[in-house]
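Colleague: Residue numbers (this note's numbering), protein chains in the order written: chain A, 1 to 183; chain B, 1 to 243.
If you are wondering where the hints come from, they were derived from the structure by calculation, not from laboratory data.
Everything numeric in this text was worked out from a predicted model, so none of it was measured.
Where hints are given, some of them may not hold.
[To be verified] With beta-carbon atoms standing in for the labels, derived distance ranges:
(1) B:Gly217 - A:Asp72: 52 to 58 Å
(2) A:Lys85 - B:Gln29: 45 to 51 Å
(3) B:Pro139 - A:Lys47: 54 to 60 Å
[Stated by the list, open to error] Calculated from the model, a selection of chain B residues having no Cβ within reach of chain A, i.e. all distances over 12 Å:
(4) Asp54
(5) Glu72
(6) Leu138
(7) Gly155
(8) Arg167
(9) His207
(10) Ala233
(11) Met240
(12) Leu242
Just so it is clear, CB atoms sit at the ideal spot from N, CA and C, and this is done for glycine as well.
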Amino acid sequence: MSANDEGLTWERPWQIVRADLDMAHVFAPQDTISFTRNGNGYVIAHKGAAASAGYFRDVVLTEVAGEQPSFDAVSRDYPLPLFSKHHKHRYRTLADRLEVFAQTHPSLRRLEGTIKIPCHGFTHQEQESGADPHVPTSITTKIHVYQFADVVQDGTRLKRLLVIYKPFAPHCANGNGTVIGYD
Amino acid sequence: MRHAILFSGMSFKRHVNGLELCYRTLIDQLGFAAEAIHVLNFDGTLQCFCDSEDEPVGVWPGDGTAYRMTVEGEGNRRAFQRALRAVAACLYPDDQLFINITGHGGHRGDEEYGPDLLTYPFCKRYGRDAFCADLALLPEHRSLVVLMSQCFSGGFIPAVLAASPARQTAIATATTEKLQSFMQFEDPNWDSFQRNWIGAIAGRTVHEAFQHATRPGVASPYDSPQFAAHPTAASEATLMELR
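All chains should be modelled from the sequences, with the hints used to inform the complete structure.
Modeller: Below, the structure is given as structure tokens:
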């Protein structure tokens, strides 16, 4: 059974392994993010493809107290293997389950805050899109960050799973979605 | 005969407004029979996400009058399949079906799966392949016209053309497979592309409506509208009654 450790800390590097398309240019696969306590919240440090864009420059995530989520409540399909193209279907299924779980469990322990997701991550996306040239716009997007203990098998070690969930919100132009990583 | 299915899953108010615009255009300007229009929205009512159940629906921002469409089902796959079966039961070889999908779309990023519709409840994903498998069960008919305005809608185009049992199929989408669609920034009561296309379709072919909806100064620069037809002659289809 997955551990239910209320003492799980956030301050460590997390490797992103998959992200839904509308967030993939912010949380690109193979990027690393870390959370560092800053006053009453956490700031995000980002290393990766689009780190220079500074999407998290002024973002402070607030810790919300609540029940530490147990992975058992999300899925029995664990431990998960490290992410690879051979296992992307399992991670996709997990993303489907996580979305429903997050919506039906609003009182979970988490970090939350607001980021701005650009309409295009990279100039070539606009050029390839056929859209008229335009000044990039950004979509103000609330995120919830969860972690689950002992989910991903890496040799003899069980890694924590990191989930960044974009809630469905009427003030936001886009839908919901997930980003998955591990420590 | 002409049939229509108007669908929005996890609707915001602007999507409900868009369904009503489509409904009124089909009835008032194109002469569709009300009983031939199946409206599926959110929880099976005129409500949308974050509306209180006790809150009155209000009036349609198009002209300040009450909504006229009757929602017959939820915005999800089961209700869409039910609507397709109802259409199929009276869909004859010379008939036309118009499908307007609005609301939200998602895309996990896996190209082999393609995009999804985010449906009621909990944004349950109705995938492109499942949607097209359902569409393929329709009997052969004269014309299928599909208008999609959700994010990543362009990813439906090849699959819809391949799955369509119609002799002529045309599809217009607000975006390419990998981009998002946007509301009308100057008036957030509407989705930009859907409003422009619906506003142009009366008296025009489906391709003319697309051209009209994507004119500079009319189209949102943030959308990336797409159009495809098979065979090519399907681009000359209209939603008007055949004489």
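Colleague: If a hint holds in the structure, say so; if it doesn't, say that too.
Modeller: Outcome of the hint check:
1. B:Gly217 - A:Asp72: 52 to 58 Å: 55 Å, holds
2. A:Lys85 - B:Gln29: 45 to 51 Å: 50 Å Cβ-Cβ, so the 45 to 51 Å window holds.
3. B:Pro139 - A:Lys47: 54 to 60 Å: 56 Å, holds
4. Asp54: 17 Å, holds
5. Glu72: At roughly 24 Å from the nearest Cβ of chain A, Glu72 of chain B sits farther out than 12 Å, so the non-interface label holds.
6. Leu138: 27 Å, holds
7. Gly155: Contrary to the label, Gly155 of chain B does not stay out of reach of chain A, its closest Cβ about 9 Å off (not over 12 Å).
8. Arg167: Arg167 of chain B is indeed farther than 12 Å from all Cβ atoms of chain A, at 28 Å.
9. His207: 16 Å, holds
10. Ala233: Ala233 of chain B clear of chain A: closest Cβ-Cβ about 24 Å, beyond 12 Å.
11. Met240: Correct as stated: the minimum Cβ-Cβ distance to chain A is 29 Å, above 12 Å.
12. Leu242: 33 Å, holds
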